[in-house]
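Put together the whole structure using the sequences plus the hints.
Chains A and B are the protein sequences, given in the same order. Going by numbering that gives the first Met the number 0, the residue at position 36 of the first sequence is 35; the numbering climbs one at a time, nothing skipped. Going by numbering that gives the first Met the number 0, the residue at position 208 of the second sequence is 207; the numbering climbs one at a time, nothing skipped.
Among the clues, some could well be false.
[Unchecked claim] If you want a taste of the chain B side facing chain A, the calculated C-beta under 7 Å gives, among others:
#: 1; residue: Asp121
#: 2; residue: Gly242
#: 3; residue: Ala243
[Said to hold, decoys possible] Derived DSSO-like pairs (lysine-lysine); straight-line CA-CA distance at most 27 Å:
#: 4; chain 1: A; residue 1: Lys83; chain 2: B; residue 2: Lys207
#: 5; chain 1: A; residue 1: Lys78; chain 2: B; residue 2: Lys138
#: 6; chain 1: A; residue 1: Lys52; chain 2: B; residue 2: Lys44
#: 7; chain 1: B; residue 1: Lys165; chain 2: A; residue 2: Lys78
#: 8; chain 1: B; residue 1: Lys505; chain 2: A; residue 2: Lys78
#: 9; chain 1: A; residue 1: Lys52; chain 2: B; residue 2: Lys483
#: 10; chain 1: B; residue 1: Lys454; chain 2: B; residue 2: Lys483
#: 11; chain 1: B; residue 1: Lys239; chain 2: A; residue 2: Lys83
#: 12; chain 1: B; residue 1: Lys86; chain 2: B; residue 2: Lys165
#: 13; chain 1: B; residue 1: Lys454; chain 2: B; residue 2: Lys44
Derived by calculation from the structure, the hints in this document are not laboratory data. All residues carry an ideal CB built from backbone N, CA and C; glycine is no exception.
As a plain string of letters, each chain reads:
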Amino acid sequence: MLSYIARRLMLVVPTLIGASFLVFAAVRIIPGDPATAIAGEHATPEMIEQVRKDLGLDQPLFTQYGRFVLAAVQGDLGKSVRTKLPVADEVFRRLPRTLELAVYSLLLAAAVGIAAGVLSATRPYSVADNSSMVLALLGVSVPVFWLGLMLMLVFAVELPRLLGLSGPILPPTGAGSWRHLVMPTLTLAAYSTAIIARMTRSSMLEVVRRDYIRTARAKGLMERTVIYRHALKNALIPVVTVVGLQFGALLGGAVLTETVFSWPGVGRFLVEAIGYRDYPVVQGTVLVVATGFILVNLVVDLVYAFLDPRIRYT
Amino acid sequence: MGSWRSRRGAAALAVVIAALVLVAGCAPRAQEPAAPGQPGPPEPKVLTIVTGTDIESLDVHVVTSSPSFSVLEHIFESLFYINPEGKIQPLLAESFTVEPEGNVYTIKLRRGISFTDGTPFDAEAVKLNFERVLNPENKAAFRNLINTVTDIRVVDSHTIQLVTEKPFGPMLTHLTHQGLAIISPAVLRQGPEAIARNPVGTGPFVFKEWRQGEYVSLVKNDNYWGDKAKLDEVVFKVVKEDGARLVEIEAGTADVAVRVPPTEATRLRASPNIVVDTTPGLRTIYVYFNVTKKPFDDVRVRQAFNYAVDKEAIVKNLLLGAARVSDAPIAPPVFGYSAQTPYRRDVEKARQLLKEAGYESGLRVVFHHPTGRYVQDARIADAIRAQLAEVGVTAELKTLEWAQYLDFIRKPLDQNEVQMALLGWGTVTMDADYGLHALFHSGQWAPSFNLGFYKNEQVDQLLAEARNVAEANRRLQLYAEAQKLIWEDAPWLFLHSEVQLTGIRKNVKGFVVHPTERLIARWADKE
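So this is what it looks like as structure tokens:
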């Protein structure tokens, strides 16, 4: 076990170096000069040159990369070229916000998606099945910004007007209370809920046709016991995998949701930074998120090796 | 195999959720203030403005954008104020006199003013601020406004003199600019970090909090030297999405919403609680030509393009009237503006001019434009393309994202690939010098702002002279002559100047939307 842990830990280092190199190269491959973008449209050539010097962009790429990695190793992700604030502080201030949104959305998507899937599968081609599958289709295809704006219109403008309230039922944008969390969570969860519901349905339909289910019924077990005790447990196995994968998708989707709802998370921070070619912010944010994923993966592998000894010897 | 994958998935999920719940739980929720702008029990008068852009910094000398100046001008004040009609009024100063020699400007400062940290406002404070702006090391964004100043003399505790080599016409207008606002000397002496962290000025509001990317809030300065603010707090909340800003103002969670899309203005006007303010902007939108290269080295081709495009139709159909067809290279609120006869659409004339220039059988050009930068920019470019096609010009559109665009168009002559490109320019100083000298003088070729490499010696002379005389009427005359020549030379396809649409709740009174795109709440009140 120890040698396995050591092997896995050693693999983390090249992965991180690879990630840092990719993000460093990626921001420089996109066209557009950060000095021009940051200095602003009214900046004189001298000012742009000065910005370029300040950012170290006049240095060879190799030197720039070396500096970036050396500083990153010491926990210094540099300063935003636009606001001059330390990137590490800014990313870690926003990260909990994005995670909060993603976790709540995932929990909601899993709960609603699995329930809808089971309901559909146990009554195939019924009204309940058809309507939840139509909803699922909508959930997959509706654009995030449209859904977000519609929710806002309903809960902040139209519904309060109908009910004769003086203020909105839910605050349209911003963060700070559970009420702020409702609409972004619903918006972000829509897609994942739909995916999970469809997955659960098809997996359940497959399982209920299996022999052991027929046996369970033949034994005279109650239908509820057959479905929840025997069928669902097995049907959930592929669903759980999908739920796990959805987490990555949720972090990606958070970028749009955060923009629509002015949610102060990492996604919005990153998108704005790309617009300004704020290299340190883009590099730092992606690096932090990538490191998080690498570490989570590492822990998963270790846990798995612990659970299933065969892994250690492959 | 299925079970291996799913168990791995389950383990992954468990780890992710455990880690995330832990981190999410650490979110600093307890100390967070309630969302700004929400009504609370003892109701202070809070004005919430939803803007599309966050401020860049709290250092008023380094910021460049109007959203930043909107916030900072409530904290910091300049020596003079230029009102939306273009009239200059004293603010921290009392008077401005040009000495007979023409290059010495005497400014008397108002007495009895203190910064909010208690430091007295005096001539030394002004000197220290201007020296900071003038020192290139400090990277002041608007250093150019006063870089003609060679000496700053403190005459007495409340009189200062600025000396330039030659008379400098735009001096007084430039002194109204926010980029020359006065910061407390006590803070200035602590260096740039302190300045960016601790904004202390003389203004009607005091800085309270900036949560980057979320909001900036300011509270009333109870010791303000002039008429005190009627509002207790002003919050500038960042909401990037146009639709979300509209929801904010419709829901009443915001009192002012900037940049209402023209397509939504009608709907917003129908609301009983909202007015849509239309203030003419300073930003002129145009297509410039690279006049050093074929086909645009020929004035007939440039004029033909001006005749080929229907500016009225663009303003009416694409901008729904929220713009003004250009009749000069600068917008009307700018000092020095002089109206010319617009190039009305005339397809026959355009064809004739192209024929004379030798392009009877047609012409192919590449037309660069940004997207998402100016109101309807990409659709305007497409409309121009379609209208040019009617006179036999095939324009190939090339769309670039803003940061890339800016870099692309500002290349020096030998590397510049632009034939024609769409751009906007806000004459933020409200003086023609910044709108004409910077864009049409041949000394300002790219990478400065004369991006089409226009050169007309007469124009050069007129603009240089207008810059170096102090007498206002003479300057107006010189600018009028220069604009006439520029209009005939047609180095641009003149389009329109933007009108700012701002949604304001009806219970808000006295709120000022400035042509410079600044939002001024110092006189505002909420009923």
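Q | Given hint B:Lys207 paired with A:Lys83 - CA-CA distance at most 27 Å | A | Cα-Cα ~20 Å, so holds.
Q. For the pair supplied as a hint, B:Lys86 and B:Lys165, is the alpha-carbon distance within the 27 Å limit?
A. holds, 25 Å
(Q) For a C-alpha distance cap of 27 Å, please report whether B:Lys239 and A:Lys83 respect it. (A) With a Cα-Cα distance of about 21 Å, the restraint between B:Lys239 and A:Lys83 holds, given a limit of 27 Å.
(Q) Against the 27 Å threshold, does the CA-CA distance of B:Lys505 and A:Lys78 hold or violate the hint? (A) violated, 42 Å
Q. Between B:Lys454 and B:Lys483, is the straight-line Cα distance small enough, at 27 Å or below?
A. holds, 15 Å
Q) With 7 Å as the cut and Cβ atoms as the points, is B:Gly242 at the interface with chain A? A) With a closest approach of 4 Å, the B:Gly242 hint holds.
Q) Are B:Ala243 and chain A close enough, Cβ to Cβ, to be under 7 Å, as the hint says? A) holds, 5 Å
Q: Measure nothing beyond the straight line between the CA atoms of A:Lys52 and B:Lys483; if it is 27 Å or shorter, mark the hint as holding.
A: Judged against 27 Å, a Cα distance of about 41 Å means the pair is violated.
Q) Does the structure keep A:Lys52 and B:Lys44 at a Cα separation of 27 Å or less? A) violated, 46 Å
Q | Satisfaction of hint between A:Lys78 and B:Lys165, Cα-Cα up to 27 Å | A | Violated, at about 41 Å.
Q.
Quick check on B:Asp121 please, does its C-beta sit within 7 Å of some C-beta on chain A?
A. At 30 Å from the nearest chain A Cβ, B:Asp121 fails the 7 Å test, so the hint is violated.
Q. Holds or violated: are the alpha carbons of A:Lys78 and B:Lys138 at most 27 Å from each other?
A. This hinted pair holds, its Cα atoms lying about 17 Å apart.
Taken one by one, the earlier hints fail for this structure at numbers 1, 6, 7, 8, 9 and 13, listed in ascending order.
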